[in-house]
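Chemist: Residues per chain are reported as follows:
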Amino acid sequence: MPEHVETDELAEKVLRVIAHTQRIPPESVSLDSTFEALKIDSLDGINIVFELEKEFNIEIPDDGVQNLRSVRDTVEGVRKLVEAKNLAVPPGAA
Amino acid sequence: MNRVAVTGLGLVCALGNTVSESWKRLIEGECRILPMRDPGSPAYKFRNGAEAWDFKPLDHFTEKDLVMLERFALLAVVAAREAVTQSGIRFEGELRDRSAIITGSSVGGQFTEEEGYIRLYRENISRVSPLTIPRTMANAGASRISLEFGIHGPAYTIATACSSSNHALGQAFWMVRNGQVTAAIAGGSEAVFAEGLLRAWEAMRVVAPDVCRPFSADRKGLSLGEGAGMLLLENWEHAKARGAPIVGEVIGFGMSSDAHHITQPCVEGPAKAMLWAIRDACIGPDQVDYINAHGTGTQANDVTETQAIRSVLGKRADSVLVSSTKSMHGHTLGAAGAVEAVACLLALKHGLVPPTVNFTVRDPACDLNIVANAAQHAQMQVALSNTFAFGGLNATVVLKRAET
Numbered sequence: 001m002p003e004h005v006e007t008d009e010l011a012e013k014v015l016r017v018i019a020h021t022q023r024i025p026p027e028s029v030s031l032d033s034t035f036e037a038l039k040i041d042s043l044d045g046i047n048i049v050f051e052l053e054k055e056f057n058i059e060i061p062d063d064g065v066q067n068l069r070s071v072r073d074t075v076e077g078v079r080k081l082v083e084a085k086n087l088a089v090p091p092g093a094a
Numbered sequence: 001m002n003r004v005a006v007t008g009l010g011l012v013c014a015l016g017n018t019v020s021e022s023w024k025r026l027i028e029g030e031c032r033i034l035p036m037r038d039p040g041s042p043a044y045k046f047r048n049g050a051e052a053w054d055f056k057p058l059d060h061f062t063e064k065d066l067v068m069l070e071r072f073a074l075l076a077v078v079a080a081r082e083a084v085t086q087s088g089i090r091f092e093g094e095l096r097d098r099s100a101i102i103t104g105s106s107v108g109g110q111f112t113e114e115e116g117y118i119r120l121y122r123e124n125i126s127r128v129s130p131l132t133i134p135r136t137m138a139n140a141g142a143s144r145i146s147l148e149f150g151i152h153g154p155a156y157t158i159a160t161a162c163s164s165s166n167h168a169l170g171q172a173f174w175m176v177r178n179g180q181v182t183a184a185i186a187g188g189s190e191a192v193f194a195e196g197l198l199r200a201w202e203a204m205r206v207v208a209p210d211v212c213r214p215f216s217a218d219r220k221g222l223s224l225g226e227g228a229g230m231l232l233l234e235n236w237e238h239a240k241a242r243g244a245p246i247v248g249e250v251i252g253f254g255m256s257s258d259a260h261h262i263t264q265p266c267v268e269g270p271a272k273a274m275l276w277a278i279r280d281a282c283i284g285p286d287q288v289d290y291i292n293a294h295g296t297g298t299q300a301n302d303v304t305e306t307q308a309i310r311s312v313l314g315k316r317a318d319s320v321l322v323s324s325t326k327s328m329h330g331h332t333l334g335a336a337g338a339v340e341a342v343a344c345l346l347a348l349k350h351g352l353v354p355p356t357v358n359f360t361v362r363d364p365a366c367d368l369n370i371v372a373n374a375a376q377h378a379q380m381q382v383a384l385s386n387t388f389a390f391g392g393l394n395a396t397v398v399l400k401r402a403e404t
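Protein chains in written order, with the numbering used here: chain X, 1 to 94; chain G, 1 to 404.
These are calculated hints, taken from the structure and not from any lab test. This one's a predicted model, so the numbers in the text were calculated from it and none came from an experiment.
Taking lysine to aspartate or glutamate and the DMTMM-like style, the derived pairs with C-alpha atoms no more than 25 Å apart in a straight line are:
| no. | chain 1 | residue 1 | chain 2 | residue 2 |
| --- | --- | --- | --- | --- |
| 1 | G | Lys64 | X | Asp73 |
| 2 | X | Lys39 | G | Glu63 |
| 3 | X | Lys54 | G | Glu114 |
| 4 | X | Lys39 | G | Asp59 |
| 5 | X | Lys39 | G | Asp65 |
| 6 | G | Lys64 | X | Asp44 |
Label-pair distances were calculated between CB atoms; the ranges are:
| no. | chain 1 | residue 1 | chain 2 | residue 2 | range |
| --- | --- | --- | --- | --- | --- |
| 7 | X | His20 | G | Arg362 | 55 to 63 Å |
| 8 | G | Glu28 | X | Glu9 | 56 to 64 Å |
| 9 | X | His20 | G | Ser126 | 16 to 24 Å |
Note that the Cβ used here is the ideal one computed from N, Cα and C, for glycine as well.
Chain X on its own, in the form it takes in the complex (with noise of 0.2 Å):
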């Protein structure tokens, strides 16, 4: 994956808001985290992705909250998500 990608705007603001949620330091979070080894259960997901959905202003569908295994596999998540939101509705749009 290309350097600019890991340390982008986006991503960053996915990793505070994980690291907010978990009431961890920032810098224990990185994209290369798991949940596993930030002990981030089930239900400390659920509350990370509606944060993530109020930072973002997406929604991110059930389905795709049960797949979140990762800090990178969030951050692509969204990604995709505020991509689609912004094809959605172009720049200056009523």
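Using the hints provided, position chain G relative to the given structure of chain X.
Modeler: Leaving out everything else, chain G in the frame of chain X:
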């Protein structure tokens, strides 16, 4: 049937974060019903409350815990930890399956519920926090206690308004007495200072504008309080065998329902709860030395409770010592029975009755031997602790001084 020892106590309320802090203030007669931290906007019609003033959640929990648990559950857990620590009990082996947790709470996690409503109805946001259910559920405290101590036995929560934790204590007492479990953590907790709930109490017009004055002729209503009380109940022989500190004994429990009116109290229901409790304890009315009254400070409760005590105790009602510690720690609603059971056991242990403070004028309609404004020394063996709930649900626990 087994005797039931109390081997640990836990208390968090306006009087302090521990049993010893609270007891000090109870016997000093210190009223901790003080101006509320949030007076409301517009201001509530009552300006005082008995918040758990010194309780700082981060002294007891991680930030992550606070995401999962709301205030009433935090209070329950801290009180349970104190009771377990005092008892020295270790939940290991079969005892894990043979121990119960029974808590009381009248409304559970109101703060979280109200946050959800603010999003839904004020902000028009249709999605609420996914933690709303686990934070709000009335059994959140009981469940966390089971997780912390690895207890696998019966665990549940009773919601019977102001009788919740006496029902919980009574149920746990019967389970230990009947041998269904060896030990139980029992009590209750409540966190009432959430805006919607305070407005609901305000609307009922039963909250005193200043402070509650139980049994005093000039009483104007109750004062709301928050807190938690927990008791570690244990099979007497089990407690003796492990050399546990025995703080007191639970010897009886009685309950009744008025079937009279949803909020208006009557004499017969409370009288029956006391009567059944005394019979359950296999004692006579003359053996009752002290009553920690429900004593809310409303006009109606204190008169009917007086008449109920007179009808059950007869001549003994002239001399039995009566106080309402709600005058210091407020009415802690679903926690009231547990908080006041702790006060009773300490009173029996120390031979010292905590007073009814804020008492100014005797009321002929409340002609009991009220311990007013200052603690009173007395050698006592047996105490009753009353709770009478909205909905007409009454529960009385009988407590006995530990044998020395």
